[in-house]
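**Q** Could you put the whole structure together from the sequences, leaning on the hints where they help?
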Amino acid sequence: TRRILLLPDFEFLLPAFALDELATHRNEIVRATRLKGDELDVLLTLLLTSVTVVPFERLAPYLAEADALISAIDPNDVPFVAVALAEEHEGIWSNDRAFERLPGIQCWTTTRLKIHLGL
164 TRRILLLPDF EFLLPAFALD ELATHRNEIV RATRLKGDEL DVLLTLLLTS
214 VTVVPFERLA PYLAEADALI SAIDPNDVPF VAVALAEEHE GIWSNDRAFE
264 RLPGIQCWTT TRLKIHLGL
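Position in the sequence shown (from 1) plus 163 gives the number in our numbering.
Because the hints were derived from the structure by calculation, they are not lab data.
Treat the hints with care, since some could be wrong.
Okay, derived cross-link-like pairs now, EDC-like style, lysine to aspartate or glutamate, Cα gap no bigger than 20 Å in a straight line [what the hints assert, rightly or not]:
id, residue 1, residue 2
1, 277, 263
2, 277, 174
3, 277, 259
4, 199, 184
5, 277, 253
6, 277, 184
If you anchor each label on the Cβ, the simulated ranges turn out as follows [to be verified]:
id, residue 1, residue 2, range
7, 205, 234, 34 to 40 Å
8, 181, 253, 16 to 22 Å
9, 239, 218, 17 to 23 Å
10, 182, 227, 31 to 37 Å
11, 231, 181, 19 to 25 Å
12, 167, 239, 19 to 25 Å
13, 216, 172, 18 to 24 Å
14, 219, 166, 14 to 20 Å
15, 228, 165, 31 to 37 Å
For glycine and all other residues, C-beta sits at the position ideal for the given N, C-alpha and C.
**A** Following this line, the structure appears as structure tokens:
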């Protein structure tokens, strides 16, 4: 995942709320990754250099459509689908199978993306 995020010439999009989620679950992430807090901060700073954060205002017009597409499966995914609807993109990168069911939105698993990129 880190290798993919650090590839040049790629732009990754992330709804702004995801940064709040990272902060909320920071301690859980530290435990799961076995990193020290300051190590996680450095890693996230580095990884986020490849990420464009999409503000809520840009997503707002697409939230109703995104809600209709994904909320019955997972309401927490609505902002990610809204990003896909709001921005030009090559698809959603996720290992969450719920995204595979979205009409008109390509879903890339990490394995599929690695194969596609020859990694």
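**Q** Are there hints from earlier that the structure breaks, and if so, what are their numbers?
**A** Numbers 6, 10, 14, in rising order.
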